[in-house]
Every structure is written in structure tokens, then in C-alpha cells.
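Got two chains here, separate frames each, mind docking them using the hints?
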Amino acid sequence: MPELKRAAEPFVFFSRLNLPELTGLKAATIPQLLGLIKKVPGAAIYHHTHSFLQQHDAFVSEPLNDFAYWVSSAVGDARLGEKLAAIDTVQFSSIREIRAAIVSVIEGHLKESPLAQFRFSGEGEEFYFVKSVSFIYSLGRQAYTLKEFLDILKQVSVDCIYFHFIEAKLRLEHNHNDFSSWIRLSLGDEETAGLISRLDPYTQSLDGLKNSIVSIVEKKIGCLCRS
Amino acid sequence: MSKLKDYIPVVGQAVVDDLNILAERLRGKRIQHVNSTAVGGGVAEILNRMVPLLKEVGVDTCWDVIKGGEQFFEVTKKFHNALHGRPEEVTAADFEIFRETGRKNAQEMDTGADIVFVHDPQPIMLVEKKSGNKWLWRCHIDVSNPSRRVWDFLMDFIPRYDSAVFSAPSFSRRLPIRQFLISPSIDPLSDKNRELPNETVKQVMDKYGIPRDKPVITQISRFDRLKDPVGVIEAFRLARKHADCRLVLAGGTASDDPEGMSVLSEVREKAQGDPDIHILLMKQNDLEINALQRGSTVIMQKSLKEGFGLTVTEALWKGKPVVASGVGGIPLQIKHRYSGLLCHSIDGAAFALKQLLGNPAYASGLGENGRRHVRNNFLLTTHLRNYLLLFVSLYTSGDVIRI
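For the record, the sequence lines run as chains A and B. Position 160 of the first sequence, counted from 1, bears residue number 160 in our numbering, the numbering being contiguous throughout. Position 138 of the second sequence, counted from 1, bears residue number 138 in our numbering, the numbering being contiguous throughout.
For the record, the hints were derived by calculation from the structure and aren't laboratory data. Misleading hints may appear alongside valid ones.
DEER-style ranges, computed between Cβ atoms [claimed, not checked]:
(1) H242(B) with Q155(A): 48 to 54 angstroms
(2) V103(A) with E199(B): 56 to 62 angstroms
(3) E82(A) with E199(B): 47 to 53 angstroms
(4) E128(B) with K154(A): 49 to 55 angstroms
All C-beta atoms in this analysis are idealised placements derived from N, C-alpha and C, irrespective of residue type, glycine included.
Chain B with its partners taken away, still in its complex shape (with noise of 0.2 angstroms):
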């Protein structure tokens, strides 16, 4: 694991040393962070790099997982679809199967740390413990248009945390508490960004059988409506009429994503035949999607929505020209035709490929540009920041504060 010494080439001794400050005025509280998995998606990713950190910057952190049966990641997945704005039946049963397990974890959890941080929706019920200390909820996922149902049983809960994060402006709503605009991060040292020889690049390829004899188009995602992967495929096929080209669509899926599978199969039956579609369902290996990634050359993210779209940071810290949807968090990583091309429909994605595939020197300049914005914006040292700014904020008040 990275120690905070090891950033210091890529961010600055001036980026670390606030961090060291900053610490400095947290010391003696507990931080407690709660979400729904220990792997897989995200947020796992995010704090399995972040809890190291706090505590070697000198802030004592701890991480639990809530415990939840497949009837419980079930309905939250139904949740998860009604607050992107998906129609989903949510029905009574499965708010009392949300409630009963949010009450068994209330019970078996100790919450007794001075600053809680629960992540997501699985989890939000344990506020229902608060006594005297503080509580943050932070929100990954896109709810500019949520269910309405789903987010008023939501709303019996928020309003009793101290504080709301959310990844995007358009996710925040009027809330009766704060709320702050934090972006995840990706980590310039992980085995899924760092720098790779070419040979790690070509091995990786040769396994799974991408030749690299024409451009190679690459969305890495979980097999999830959401991401449109066969949207994605009528894209790539508009474009191949005039650039040749290969796709490729990898992935997994997490543990708390029931649907995969199915997705999978339908993608699979789109692609049959096509010998310049890969689909590749892959176990978690970080090391070999930074070589897929490196070894494209486009990379696409055609979500339909997108909690902030951390695969666009990946592919953006890389160097790579991305197009993408102008949903979620993305429009704050991509700026159109500076940091890479945004699209809102496949028609577009489609033309937007052929824009990259044709011209080369455009597509590397917006990859450049995309590189030099992650570094500024989205890297692990400016969220580990954020987050320590916002830990501040809980025991201050006011628009300017002097700590």
C-alpha cells in the first residue's frame, strides 16, 4: 500500500503538507466509515485506499460493512435503479425487509465514533443511533430524478445527519441540513493507474485476445443497464461504417448487483458474431484494466446515468481521449471539446468516435488536457483533503473559517 510520501512526485510537497495540517486540527476524534461492501463498485475502491491514509496522516479511522441477505441487496438494488429515475415496483415488503435489516445492523454495529460516515442508501438507517456525536451521509449515486417514493422513505432519515455529500451539483436538492460537493477520487499509485510498461500492455491484450490491428475502442464498466453497454455496441457499429475499428466491453459485477448476469446475456446476444466485439467478464484484476485501458485507443463511458463515472477519471489520468454521456459527475471531469467530447444519445457517441478515430492530433491534445484536469481535481490527495476540510466543518460555522 502507498504511504503519502509516495504521492509527493505526482501532487507536490505543498499538497501533502496540507494534508499533515489539516490533520492536525482533527486529532483525538474517531472517524467510524459505513457503506454495503468491502469489494467491488466504487466506493470500496475509494476507502480501501482512503482508510490507510487517514490514519497515516494521524487520523484514527475505522471502516465497517453492514450485513445484509440477498432479499436486502435485492431491494436495494431496486433502489439504486428508482433514484437514477428507473420505473421500478417498490413495494411495502421491500421497505420493511430494508427496515428490518437497517435495524438489525443498528444493533449489532457499534456507532460510537465522533464523526460517522455512512455512504450510500444501504446503510442510512443507523442514524437512527446518533446520540451527540456527529453524522455525515454521503451520496454517490446520480438523484437528480429520483422515484419519489424512494427518496421521501430516504428523507425520514436524512434530515437527522449533520451533513450530506453529494458527487455533482445537479444531485443536491433543498435539504433542511448542509451540503457539500465532494468528487471521488482515483489513485495515481494503484495498480489500476499506474504507469505500465508496454510489454504489460501487449500481454494483457494477447490474453484476451484483442489484436491491435485497427483502433480499439474500450468501455470498461459492470454489466448494468445503466451503462448502456448495448447502447454502447450500436454506437460502435454507426461508427466502424466509416473507421475501422474493435470494441471492447469489460467488466464484472459487484457483490451487491443481482442483475449482472442477466445484462451480460443480452449484451452477448447483441455482440454474437461480430468478430471486432469482445466481451470480457473479468474477475477484479486492476493491474489488467489499466492495460486495457492503456491499450485502447478511445475510451468510452456511454452511461445513461452515472454516479461521478470514476472510469472517466481512469481513462482521463491515462492520457486517453473519452467520449462520454454528459450525465452525473462526468460534465464536471469533461468539459466538451476540451477534455474529451461529451454526447447525450447513440447517434452522437457515434459521431463523436469518428471525430476521435479521424483525427489523432485532436484526440491526444483533449487526452492531455484531460490528465493535467484529474491531476488538479480528482486524484486521491484532493479527496483525502475534502474530506478533512469537511470533517473540519462539522465543528465550525460561517463561509470563511480560520483554523
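Chain A with its partners taken away, still in its complex shape (with noise of 0.2 angstroms):
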């Protein structure tokens, strides 16, 4: 095997786990849901976004934020819970971005739909705010070579891919997932950060993701191997 390219700056593996903290908030209606919306602290609206795709990789048919789940199934508004379903979370890197597009659909749709303020989930199916506490922590692995990484990758759990594929990008406000950072950055592998970059995590399992980011690197080692 040719020896591959070695990064200065090695990539650490990091890994995070997340403990659900109850806020004791509630909504009833649409406007309650909205008001509360803007005013809860960022790791609400992240479990809200995000909850759905870690516990429940099984459903990938569901829609993948709980204000639409809600809305649709609580309130009965299906065209609202629609409109949040399709959001297009990959496209934000800040949960303040992610917050402000879920304002503007709700408050759209208020305008839109007046009627809709007026409907209410039943009794006992109101909307219950929850943030997330995340505890992140080194794996006390790191790879220098994109074969060392792809070793490493291999054995880590998803929560470790969660981490620096979606959680670092959101809530530590990196720019793009820190996988295809240090391979543009250190290795300085275009292409093989780009094909990364362009995976959805919100449109397969955790598993899935994984492995289509072995699958990449994979190829590109033995692109490198066989050139």
C-alpha cells in the first residue's frame, strides 16, 4: 500500500451522550406552541429537531421534528405539520437558524390560516417542553491517516458519529461536520470531504450514515492504493 497523506493536526474522536432535562412547560394551541417557541433556550429547540431521528430510527417514514409530529397528530393541523416536517434542517448550522425558520412557518401559516389559532389538543396531549443536556467527551482516540481514521470509524458507536456529523456542526457552531473539516483542512481532500458534506442525516438511520461514511472513505483508500 502506498503510505497515505499524514495531517499535522490529528483528528480527535470525541463522543457525546444526552440526558433529557424537563422544562415543565406546555402548550395546548398553536400560539401557545409559538410563544413558547421563541422564549425556550436553544436545547429545546434542539431535542425538538433532533430527539425524534435518535430514538426512533426505526420510523424513518415519521416526520423528524416533534412540532410537526405534533401538530399533525395532536392538533389535527396536517398541513402545518407538513410545512415544519419539511424544513430543511440540514441546510442550518446554528440552532438560532433552525428556531427562526420554525417561527416563520408558524407565523405564516397564522396569517395564512386564521382558524388555525383556534384548534387545541386534547386533554393530556399537549406539546411538553424538553431540552437536551449533552455531555461530550474524548474517546482518547485519534488518527493521523485517512486508513487510521477509517479504522477508528469503524468501531465507534453512533453516538460518536451523532457527535461530530450533526451535534458539533448545531450546537458548538462548526461550520460543516468535523469529519469533512479535517479531511479538507488536514488532508486536504476535497472530494472526498464534499461527498461527507453531501450526506443527509436526517433522511436515513444513524447506522446508515455510518455506514455510507465508511463506504466513502473505503473507496477513496482504495482509489489511493490502486493510483
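Next comes the structure, spelled out in C-alpha cells:
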């Protein structure tokens, strides 16, 4: 095998675990939901747009954010539910942007359909705001080459993949997922970085996402070995 | 008792590695669990499994049980019902009995651990002994619509804890302390949940005289009005008009539940003379419960109120289609039409039963989704991980924590 490029700075693998914290805040109508979306901590917006991805990876056909699921199933506003589910979360690089997009969709809907403000959920079906507390820790492993990176990637849990691909980008406001950033900046491999960046984590399971990244890197290493 | 390594084939090596990393952050801390019963009920069942695993990952852990006489447990049963929103006359004398037992336990029990983890209302008064250490209160019951009087009484104590833990978002209320959402769990390697040979299932069904000549619908629960066993019989009779089937109602009573026998009598009266209804009063026998669940076609949990609903978790883990009320923690486990069917009435439960009995392929798909959902979220290893995170949270602040 030819010698692969060795980065000056290694990729350090982290993982994160999440503990849901209850806020005691709840909404029974769409205006109440909107009011609370504007004022709850960003950790709550993050929770309700991402917990589904972590908890229900078996149900990929369901909407990927809790707001969409609730307005459709508990309030019975399928149109707003569809609009919220269609928000393309992958395009945003901060929780602020996601919150603004959700607010804009709900405000637009209430303007278009004023009667929507009078809809309400059944007793016990209110929307309860929860926030995510993230615990981030080093796995004590690092890679200097693409091969080392691949070997470790295959062994880590989906929580590690989730942290570097989604959480670091959104909660720590890194501009891109950590994998692409390192491959681009430290290995100078724009093509592989781009291929990984194009993956949409919101339309596949975390296992699926991991397999996709592994496959891209394996192919790249295969090409480098043949050349 | 299973070791952590035994869980690796079920949950994967990475999950166990995470547990060891987190436990490392808690070296030197001593954790003390306190509850009201060593056997019977979900809390004792979880602690029996959890405590050895905490010890195995190196977290110094002990478990103590408070003492209480018959009168005390009658009062705590009243509290339990009142917190679930049932009309219950709780008198000044009842509160005094509770306080008296609370004071006595506080005198007798050493609560000097670094973290004292109190489960449910019965031992809640122990927090009066708090002195520089960290205290957690875990509420396992559905307090979404509690009796104001009993809740206000508990609020004399809850704010003194550092954090509270609830099993479902709908149980949360505005509190002056942090409150976390942690689901309970099942142990996939326990006698109640491990894989069983078909022969064992057959032997148990035969032992209890349950022929498998037609579909078997089963509800496993304590004989408790909040589990609505009479409603289950009514739903079964409605469904049976269109799909021939049997009903099994099986369960025991917990040592802190004095009401169980009278509920059992009501259920027997309701089922009298019906050869398709099997009422089983069972002693604690996890293997037999496992076999009854595996031998059933559909599992029901038609509770009027529910803490989390571990019997639902058990059934989903066995890949069984489940019909359950959308109360307490059950909606966290069952997404309607994806991992089971939720119901809100006797008629709704009957309709769901008919749907499942009439569409075995659909029922099987729901069961498969349910099993995967439990594997991701409600196994003992996830629960253990969340407790470790909870303990770490007592010494940190903020929403993003580097540990």
C-alpha cells in the first residue's frame, strides 16, 4: 500500500451522550406553541428537532421533528405539520437559524389560516417542552491518516458519529461536520470531504449514516492504493 | 446475575465502553438508593438489576429499604391513588401516620452517601436529613393530574432535593429544582425477558390450562383498578364477537398494595362462567410471565393511569403486537400504528384487538418495530447510562458539558 498523507493535526474522536431535562412548559394550541418556541432555551429547540432522529430510527417515514408530529397528530393541523416536517434542517448551521425557520413557518401559517389559532390538543396530549443536556467526552483515540481514521470510525458508536456530524455543527456552531472539515483542512482532500458533506443525516438511520461515511472513505483509500 | 459483558451481544461493545467511561467520572462517590419494598413492583425489579451493574462498573452503590407498618402502607396506597388523580379521602391522621413513619426511618437510616437517590413518595421525608450531600428524588408514578392536597404535602419536601426525575414529559410540572426525563427499563437477560424454547412456553401454557387453539390475548398486571382489568374483559368480549379468542389476566399483588385482593374478587365475578377467560393469581415467577407473554398472540395494557408501563416494554421486546392505553409513559414506547396501537376507551381497545387479530402480518410488523425501539431506548444498559449521566449532572451545570 502506498503511504497515505499524514496530517499535522490528528482527528480526535469525541462522543456525546444526551440526558433530557424537563422544563415544565407546555402548549395546548398553536399560538401557545409559537410563543414558547420563541422563548425556550436553544437546547429545547435542539431536542425537539433531533431527538426523533436518535430515538426512532426504525420509523424513518415519520416526521423528523416533534413540532411537526404534534401539530399533525394532537392538534389535527396536517397542513402545518407537513410544512414543519419539510423544513430542511440539514441546511442550517446553528440552532438560532432552525428556531427562526420554525417561527417563520408557524407565523406564516397563522396568517394564511387564521382559524388555525383556535385548534387545540386533547387533554393530556399537550406539547411538553424538553431540552437536551449533552455530555461530551473524548474517546481517547486519534487518527493521522485516512486509514487510521477509517479503522477507528468502524469501531465507534453511532453517538460518536452523531456528535461529529450533527451536534458539533449545530450546538458548537462548527461550520461543517467535523469529518469533512478535518479531511479538507488537514488532508487537503476536497473531494472526499465534499462527498461526506452531501450526506443527509435526517433521511437515514445513524447506522446508515455511519455505513455511508465508511463506504466513502473505503472507496477513497481503494483509489489511492490503486493509483 | 448477568455481567456487563453478557449484554454486549445485545447492545454492542460501544455501549458498554460508554458506561465504563462515565463510571470513571464517578470514582470515589458513594450512591445510596432508597425505596419502600425489596420485592414486587417495577422499582424493586429495576434496582435488583441496576445495583449490581453499578457496582460492576466501579460505582460504590448500596440499596436500603424503609420500614413501615400496615397503616403506613395503607396511607401510601391512598397517596398513590390520589397522585394518580383518583378520588381518595386522605385525612389529617393519614398525613400524621406518614410523617411519623418518615421521622422513624430518618432516625434509623444512615443517609451519609455522596448521592442519596430516593424512589417514589414513601421515603420522601428522608431529605430532611440532607447535610451537604446530593439528593435525587425519582417519581415513578403518573402525577400528571394529582390530588392537590397530596401534591402540596409532597412539595414540602421536593424542593429540598437537588434534582427530580420523572418517567414521562407529561408528569413534569414547574419546579424550583432541575428535573430530568429518564425512562425505566427492562433487563433483556433476566428470566422475564430472555429467549425461551418453545417447549418451555408450551409447558407453562399447559400448566395454567390455556389451550392455544385460538388467539390468546393477555394482560399481565397487578390486580389494581388503575390497570382496568374489568375494562379489559369488556373490550375482549366486544372483540370476540368478530374474532374467536381467549383472554388471560395474570398477575400478583405487591407487598405494599393492600387493595389487590378485593380487585381480584371483582374481576373473578365479572369473568364468572366464561371458559375463554383465564384469571391467574400468580406468585412472583418471572420465567412463567415470560412464557405467558411469548405464548400470547396480542398483549394488552389497558391502564387508566400508568407510571411507565414496563409490561408494555416487555411485550414489545418479545416482538409482540400491543394494544395499550395512551397514558403515562406508554406513548413514549408506542407510536400509534408504528410500534403498536394506542387506545383511549373500551371500544377503542376492542377495535384495536380486532385489527390485530384480523391482520397477522400488520401485527407482526408492529411487533418488529416495537422490539427495535426498545433495544434503542429502554434496555437496562441505557437506563444505567442515564443514571450515570444524572449523577454527573449533580456536579456540573449548563446544557453542553465537557466531561
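Consistency of the hints with the structure:
Between H242(B) and Q155(A) the beta carbons are some 53 angstroms apart, a value that agrees with the proposed interval 48 to 54 angstroms. One distance hint, 56 to 62 angstroms for the beta-carbon pair V103(A) and E199(B), holds here, with the actual separation near 60 angstroms. Under the hint 47 to 53 angstroms, the C-beta atoms of E82(A) and E199(B), about 51 angstroms apart, fit the expected range. Taken as a hint, the range 49 to 55 angstroms holds for the pair E128(B) and K154(A), whose Cβ atoms sit roughly 53 angstroms apart.
In the structure shown, no violation is registered for any of the earlier numbered hints.
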